[in-house]
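Sequences are here, hints too, so could you generate the full structure?
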Amino acid sequence: MAETLDKLSMYLQLPFVQRALIVGVVIALCSSLLGVTLVLKRFSFIGDGLSHVAFGAMAIAAVLKLTNDMPFVLAVTVICAVLLLRMGQNAKIKGDAAVAMISVGALAIGYLLMNIFSTSGNLSGDVCTTLFGSTSILTLTEEEVWLSVGLSALVILVFIFFYHKIFCITFDENFALATGVRAKLYNLILAVVIAVIIVLAMNLVGSLLISALIIFPALSAMRVFKSFKSVTICSAILSVCCAALGMLISIAFGTPVGSTIVAVDIVTFFIFMLIGKIFGGIKQ
Amino acid sequence: MPQIICKDLCLGYQGQEIIHNLNFEVNKGDYLCIVGENGSGKSTLMRTLLGLQPPISGNILTGDGMTKRSIGYLPQQTVTQRDFPSTVWEIVLSGCQNQCGLRPFYAKAEKQKALSNIERMGLTKLKKRCYRELSGGQQQRVLLARALCAAQDILLLDEPVAGLDPVVTEEMYRIIEELNQKDGMTIIMISHDIEAAVKYAGKILHIADHVFFGTTDEYIKSGRSRFLTKEAEVNG
Ligand SMILES: Nc1ncnc2c1ncn2[C@@H]1O[C@H](COP(=O)(O)OP(=O)(O)OP(=O)(O)O)[C@@H](O)[C@H]1O
Ligand SMILES: [Mg+2]
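Protein chains in written order, with this note's numbering: chain A, 1 to 284; chain B, 1001 to 1236.
Simulated from the structure, these hints should not be mistaken for lab results. Hints are supplied without guarantee of correctness; some may be wrong.
[Stated by the list, open to error] No farther apart than 27 Å at their CA atoms in a straight line, the calculated lysine-lysine pairs in the BS3-like style are these:
| hint | chain 1 | residue 1 | chain 2 | residue 2 |
| --- | --- | --- | --- | --- |
| 1 | A | K41 | A | K226 |
| 2 | B | K1007 | A | K229 |
| 3 | B | K1128 | B | K1111 |
| 4 | B | K1007 | B | K1068 |
| 5 | A | K41 | B | K1127 |
| 6 | B | K1111 | A | K184 |
| 7 | B | K1111 | A | K229 |
| 8 | B | K1127 | A | K229 |
| 9 | A | K226 | B | K1068 |
Here it is in structure tokens:
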């Protein structure tokens, strides 16, 4: 045990580990904020869908030999996010089916493209990294750290600024539309913010596990708290704690970062479910 | 200039017509009651007036300072998720959102308005309670308080008294009348309670194969209200 702690404190001195911790916590905070809305809008899987789109976009960027793929990936993901949220409304194709369609489609085509045009010798290694995140968070450059922190700060500001509007359109979109609240505009902003978060979070947990980062804190908080505000605050705190704990564990024991964070999230969910059961029982 | 004019309005879903060539107008300060059988298209009409669905053909003209931001609306059914975490206070306050524009937070006056509407609906004790744990009638009152928060000029109510107990129903009609007479608020209300409709409303729109639109007096004379024909039989 003492040995592990020694190892941990040694690692914590390293600048790239510190950077990873900062970025991880900030990204976890952002993704949990919007998780509540996404879960309530029945869009839990949009994280999955969009991250696969981002994966596909990365593949295309690689084929086109773009050196800096971030702007391209971000743009493609934003467009898809807007399309998906639109589709959810005029349900010719139901929201979840649309998400599933785009999600698997992008994944397949992305992998296909990578396979056909790949120049790297370690294709499955590359794919695995994109899907599960693995070590990419530890190899962040200072520039990427600042970009992530900057974008996250922006996301948090936007969320605080639009908090009441987000509640209004999440609780009853028809009422908002009927009474002249600009629900369409706010939905658009929501879509853009979600896309930004997805692209950020891909660095942390990889594209397969993003949904977990988004929905678990929200679901845990909803077991115990009953107002929108308290659920939002609780899920933000939970997400930050779980991400920090998960990363520390993964550093100490050499486990993969993304899956460790998600594992911690899952454990928390069950703890909160129990608390909810006990307290709900007492109240009635 | 009337607030709302409907010209040759045809309504329906996916090209299937439910109401054909509807013509009526609403002036500022009117109290209009929309009556008709189940499925005759009353809610559809209200949703179309609110711009939630497009008409098949025809026009809805608005004027006399009516903008969306001055509308309060009570839907017939609100599909909210069973697990939605939100308190009565949060929901009622969200009715004021249409007065916020881009301003991120609620002003003091708006919070005060939400508070007084909560009191009006007798919800003061439930203010901090979770919406999904309330009874059906209590939930209806929360949504009514929210509608009152949103309404500046005009209030559209889809069966506001459905599910309310007699005392609250009376209180509800009294509040609506007061809003109409004191504040000059335009009321458009869908109701199956024809007795109350002819008692309170100034104008009636009866939706059926043969549409009636006119003042309440004309409506009583036309003998279209089942309730009144019954009474006439008793009296005669
Ligand atoms: N989303 C929909 N798609 C297709 N048809 C619909 C839809 N909603 C309602 N209808 C049909 O439109 C007709 C009018 O419905 P509407 O809800 O307007 O009736 P209503 O007059 O409000 O009835 P009630 O008194 O029961 O509230 C009904 O025949 C119904 O079957
Ligand atoms: Mg109806």
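Status of each hint after checking the structure:
This hinted pair checks out: A:K41 and A:K226 have alpha carbons roughly 17 Å apart, not beyond 27 Å. The hinted pair formed by B:K1007 and A:K229 fails the criterion: a straight-line CA distance of about 45 Å is larger than 27 Å. Of the supplied pair hints, the one linking B:K1128 and B:K1111 holds, its CA atoms being roughly 14 Å apart against a limit of 27 Å. A distance of roughly 19 Å separates the Cα atoms of B:K1007 and B:K1068; the hinted pair therefore holds under the 27 Å criterion.
A hinted pair counts as satisfied when its Cα atoms are at most 27 Å apart, and A:K41 with B:K1127 qualifies at roughly 24 Å. Restraint check for B:K1111 and A:K184: satisfied, since their Cα atoms lie roughly 25 Å apart, inside the 27 Å limit. Restraint check: the Cα-Cα separation between B:K1111 and A:K229 comes to about 16 Å, which is no more than 27 Å; the hinted pair holds. A threshold of 27 Å between alpha carbons decides the hint, and for B:K1127 with A:K229 the separation of about 14 Å falls inside it, so the pair holds.
At roughly 31 Å between alpha-carbon atoms, A:K226 and B:K1068 are farther apart than 27 Å, so this suggested pair is violated.
When each numbered hint is compared with the structure, violations occur for hints 2 and 9.
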